[in-house]
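2 protein chains.
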Amino acid sequence: MRLLNAISALLLVSAMCAAQPTPVDPIDRFRVMPVPASLKPGSGQMRLGPDFRLAFVGYTDARLSASVGRMVKRLTHRTGIELPLQYSTDPAAAMLVIECKSAGKPIPQFGDDESYTLEVTAKQAKLKANLPVGVLYGLETFLQLIDSDAQGYYLPAVTIDDKPRFPWRGLHIDAGRHFQPVEVIKRNLDAMAMVKLNVFHWHLTEDQGFRIESKKFPKLHEMGSDGLYYTQDQVRDVVQYAADRGIRVVPEFDMPAHTTAWFVGMPELASAQRTYSIERKFGVFDPVMDPTREETYKILREFLKEMTTLFPDAYLHIGGDENTGKDWKANARIQEFMDKRGIKTNAGLQTYFNQRISEILTKLDRKMVGWDEILTPDLPASAVVQSWRGEKALAETARLGHNAILSSPYYLDQLQGAAKLYLADPLAAAGELKPEEAARILGGETCMWGEAISPETIEHRIWPRAAAVAERFWSPRNVRDVDDMYRRLAIIDIQLEEVGLQHNSNSGRMLRRLVESDDTELLKKFANLVNLYSLGARDTLKQDDQQTPLTRFGDSIPAEGTSRREVAVKVGRLLTDPDSREAADELRRMFKGWQKLSAELRPVLDSSPQLRENQVRADELSELAAAGTDAVNYMSAGQAPPPPWLGTRIAITDRAARGKTLVYFPWLHSVRVLIAAANDAPKYKDATDSEWAMHLALLCEQYEIHERWHW
Amino acid sequence: MRLLNAISALLLVSAMCAAQPTPVDPIDRFRVMPVPASLKPGSGQMRLGPDFRLAFVGYTDARLSASVGRMVKRLTHRTGIELPLQYSTDPAAAMLVIECKSAGKPIPQFGDDESYTLEVTAKQAKLKANLPVGVLYGLETFLQLIDSDAQGYYLPAVTIDDKPRFPWRGLHIDAGRHFQPVEVIKRNLDAMAMVKLNVFHWHLTEDQGFRIESKKFPKLHEMGSDGLYYTQDQVRDVVQYAADRGIRVVPEFDMPAHTTAWFVGMPELASAQRTYSIERKFGVFDPVMDPTREETYKILREFLKEMTTLFPDAYLHIGGDENTGKDWKANARIQEFMDKRGIKTNAGLQTYFNQRISEILTKLDRKMVGWDEILTPDLPASAVVQSWRGEKALAETARLGHNAILSSPYYLDQLQGAAKLYLADPLAAAGELKPEEAARILGGETCMWGEAISPETIEHRIWPRAAAVAERFWSPRNVRDVDDMYRRLAIIDIQLEEVGLQHNSNSGRMLRRLVESDDTELLKKFANLVNLYSLGARDTLKQDDQQTPLTRFGDSIPAEGTSRREVAVKVGRLLTDPDSREAADELRRMFKGWQKLSAELRPVLDSSPQLRENQVRADELSELAAAGTDAVNYMSAGQAPPPPWLGTRIAITDRAARGKTLVYFPWLHSVRVLIAAANDAPKYKDATDSEWAMHLALLCEQYEIHERWHW
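Those protein sequence lines, which keep their order, are chains Y and U.
Just so we're aligned: the first sequence equals residues 1 to 711 in the numbering used here.
Just so we're aligned: the second sequence equals residues 1 to 711 in the numbering used here.
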């Protein structure tokens, strides 16, 4: 067996990492995320020191000054350089000159000019934008450019000409199933601004909670929220806070289904007359509004009118998803209504409902947004369809003439790795669309559904992965280098803490609480070797509900560690070069480390009733390390394992793949392939490199573990 | 050389740890802090599970329900046990029965009955108190009792009859020199309640900032605060928040000196007519109020009257400290005033000022509190003197008939270890007082002065050390077991995070920011080996001011690691038993670890311009480890080192003792004694144990490094 050629080796490793190989780019030297539309490296560096001065040119206002103030504070915190309190009045003497052309509108709007240019030379940085939002984005890029060397902090000389690929770049937070306090929302808005996301989609009503104060219909929030709702003052505050950061707020009031919490206080809206209480379980439920009564529309008209006084954005989301239709079928009066009007199906009745709501919204000067289900032949042209059915449904929507945004590949609760989120493209299925059709794909939203997140866990569930999605929505389509994305994601992960984001702090504190100690080193090492099952899979382990404490080890750890990629790379190195002593030793060291960790973990996991459930995974880690070491040894020795070896070792991996705790090994398929390859290698002793590569590819296919939480 | 007897060995080790040996107590098994007045272990355990129910008996109100709500949330977070939303109405079926006798006053008062009893049996816990504050304290004790074993979480059976030793148990926060946002204040209030501190002393005005809104004299906060002040709404909110947690708020308006920031807006109050601007430097400054003009008292009367509408507590602090008197001497009119009235000294003039202020406060139904300087023969009997001059000044105050509280040994900015803070006793110098005089010593306050703390560092400067002081103020005088204090402090350190305290999170985030990575393992190991110099010593390194970024490595780490104690114990073990192979090996391993750490740290410290200054300490760590290893080897071999060895090795420690960075090695004296002892050991080969012990004690004395930041 000889060395495989470089390309097939690279391909194999890449396949195992699910990363596409791309040529090294000058952007690699930079730290910016999302990558700008155009970035041209210059020569030299602008050094940062206490002589740093800042000047405004052109339009300026309180919002701009405030954002510069925040920028200066972050610069100081990061570099420890004492900066003056006052701005310079002389642009020539300033190191950062900010030039804004005009005020724009007081609140950000869909389609605003978000572009900016940033030119950094050894002497000065110039930031220019047409509107304040461009300045905000340029300041973020400025902060991201800061680097350091032996002489101190600097910005590399560079010319950036930047604007977004898509105008709709959203984060959806479901505050219905679990309430999220205002400070959590605000921290997410700050983080969004850092990575140039511009739509906060605020999911405010659900079966499990009605989360916004209605002065017109106070029973809605008083009886439907357990007291956990946003006051109107808080909503106004959040909308302003978002606007100050260039972010539009699109509220969602999900209807006609997902409305149990509405009916606790206002059962007159419901199709079935029963006693309603706030839903504690998660899933799809039957309660649904009665679309046949005029009173329903009267109430909704009033309610939506009230809401438009709080939410100035031109778009308003009415949900429209997951209606079982059972309560419609069971209601004779509703059936009669359908018969009379020749409405044959529940879908038809919902179309009727949507049309009525659409008329209301049009009168309120609002455009309707809804999930896939709202897409029916009579949908008004101004409506935006949010796709949870994927890229194909999205393309179909655009073909039918509607604006559309993509969500499903970006569901953060499915806990995919950042790479998977990153590589999903809103235009992936747009190949056959005409340009004007493709233009209707406005962008996308990454969604944090609320079943299994608490205020303590939401930030490390969303971040830093949402930053990878933000780059997909902002940067040119061909920016797809997964390794470079992960390099920059690790940087922004820490920088996100500058705006107060608690993702790492919350995770750290939860781990400390579990071990009752500041020493969480072992738990953190273990955390890097496991991932939390998809939040959807959680309820396959236990019947969770809204009151379930989300305090377990799996809840405490980040969504993604580095182990999946690292193990794949190390295994890939040996498989593509089975004679490599280095690759073999590297794997042996890794497996030895796992065994040591497994032994050290035992007393730690045993010390806490909440940690103990993970003992089984720690045991499996040790068994998998032993099996992996065997595989490396057989492979290196060019020796065939005895016949039962393969079966018993794969059985270990099968056991380890089963759900018993909240966490699984995201690198398990790599170890399976290693074991299988060690078994087969002697048979390929005299094969060509490409025959071996083909076989490896087959093994990768065969031994992938196809669970829904894997990708 | 034979084994030393157990007692002298213990004494030596203890001397090196500065811990007093005390017999093991049943309290050792418990986790409560502060230790209750009386705690009698019972038999059996009350197991915690989803069947946990809670019932109220007797008086109840919204404040009690809210505190129980907070307790239930913490219980859930810590144990992961899902608890019901509703309380039981049947005490017999409840596992925790809360019985409060009466409402008490709406706001806590000095001298309130703070006692409670808590009886835990295998079946039920009963918490009884006369007033709601006793219930609050009992709930904290309940949470602290929770322990776990292989079967899950439980409370040990116990009978607690608890009340405080002192009625005045304070935390002083200086929000003048650096402003501290309301959320920081609130988090500290929550933490205070956890350890039964009951006075928040809020230092609101300083040369560097006037931090409270005055509607009567808006120029004060508008011109004297850089916009960083508390609105009156915020103040009312904080006072209520504190009251809900059993905490009185005593505001301080420091006068007649420390008043530069007042004069920016109202120079008419000052003794010297010059242009005032907010002071940026730290220290003692000349600006002082003019005590000779009636207008001064008119303004202060109005101002203090306004403040009493915000602060309901019977006590109000007028500062009164550090008046240089220079501006009085330089003012001819003031000198004339003094001549006319026969006032000979500045102290005499300040007495006159105090009397005038005292009259104003009496009319406003407030008792005056002030620092030592207010203690003059004519001080009203109702005044309370806060001593920054120490235990003797405190005893003298009490002898003279005044109520007094102790502060100076509890200055958190001096960064002593928790042990030093813990062992200082308000009655230390009260031995010669009559009982009625000693009773005038009301308690104490631990003080966080504001020169070198930011909102990001204040929490890890105050906590967890303030918990040790809280125990001093609450628990019986004979509770002085330092080892047990540290054991429980480590537990409460993590539990403090349950109420939202950010001390560990802030420190962790700052370290991550310095290395731009989530991997701070090496930095944390290094942090455990160093302490930050006293915040007072910081300005000997650099002329810091109010704008200095407090972002360096020393700013980022906790006030105290475990290394001082651990090194002392390990060195003590070898010195008291020089033939012990185990003790020698233990030290060798420790020194080897330091050398490894030093080598690994090099690239980490080099990677950040802000970390690089610590390279010198990392180098010294390696040198000290080598010297220490030598010492162990000589000692174990019973061999005398060559003559120059001692001098060159002590020289290394001398170098390492000098301030070059913000941090020092708190265990340095232990290594010095080890080196000196290794040098002298051969001479004591045939000496008795007690001769050797005497010599070691001498070396401890000789090689202690007497710097002000050491204790």
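Simulated from the structure, these hints should not be mistaken for laboratory data.
The reader is advised that the hints may include incorrect statements.
Every beta carbon over 10 Å from chain Y, so not counted as near; a handful from chain U, in silico [said to hold, decoys possible]:
no., residue
1, S88
2, S115
3, L143
4, A150
5, E436
6, G508
7, D577
8, E586
9, S607
10, K660
Stretches of chain U that chain Y covers, calculated by requiring three or more beta carbons in the stretch to come under 8 Å of a beta carbon on chain Y [said to hold, decoys possible]:
no., segment
11, 288 to 295
12, 545 to 555
Values in this document were obtained by computation on a predicted structure and should not be read as measured data.
Where is the CB? At the ideal position from N, CA and C, for every residue including glycine.
To see whether the hints hold, each was checked on the structure:
Chain Y leaves S88/U outside its interface by the beta-carbon criterion, the shortest separation being 17 Å against a cut-off of 10 Å. The Cβ of S115/U lies farther than 10 Å from every Cβ of chain Y, with a closest approach of about 29 Å, so its non-interface assignment holds. No Cβ of chain Y approaches the Cβ of L143/U within 10 Å, the least distance being about 13 Å, so the stated non-interface status holds. For A150/U, the requirement that its beta carbon stay farther than 10 Å from each beta carbon of chain Y is not met, with the minimum near 8 Å.
The claim that E436/U is not at the interface with chain Y holds, since no C-beta of that chain comes within 10 Å of its own (minimum 45 Å). Not every CB of chain Y is more than 10 Å from the CB of G508/U (nearest about 5 Å), against its label as outside the interface. Consistency note on D577/U: stated as away from chain Y, and its beta-carbon is indeed over 10 Å from all of that chain's, at 29 Å minimum. Non-interface status of E586/U relative to chain Y is upheld: no Cβ of that chain comes within 10 Å, the nearest being about 19 Å off.
Its beta-carbon lying about 8 Å from the closest one in chain Y, S607/U breaks the requirement of being farther than 10 Å from that chain. Against chain Y, the non-interface label of K660/U holds: every CB pair exceeds 10 Å, the least being about 17 Å. Look at the segment 288 to 295 of chain U against chain Y: 0 of its residues bring a Cβ nearer than 8 Å to a Cβ of that chain, fewer than three, so the hint is violated. Check result for the segment 545 to 555 of chain U against chain Y: holds, 5 residues qualifying (beta carbon to beta carbon below 8 Å, three or more required).
Hint compliance for this structure: hints 4, 6, 9, 11 are broken, all remaining hints hold.
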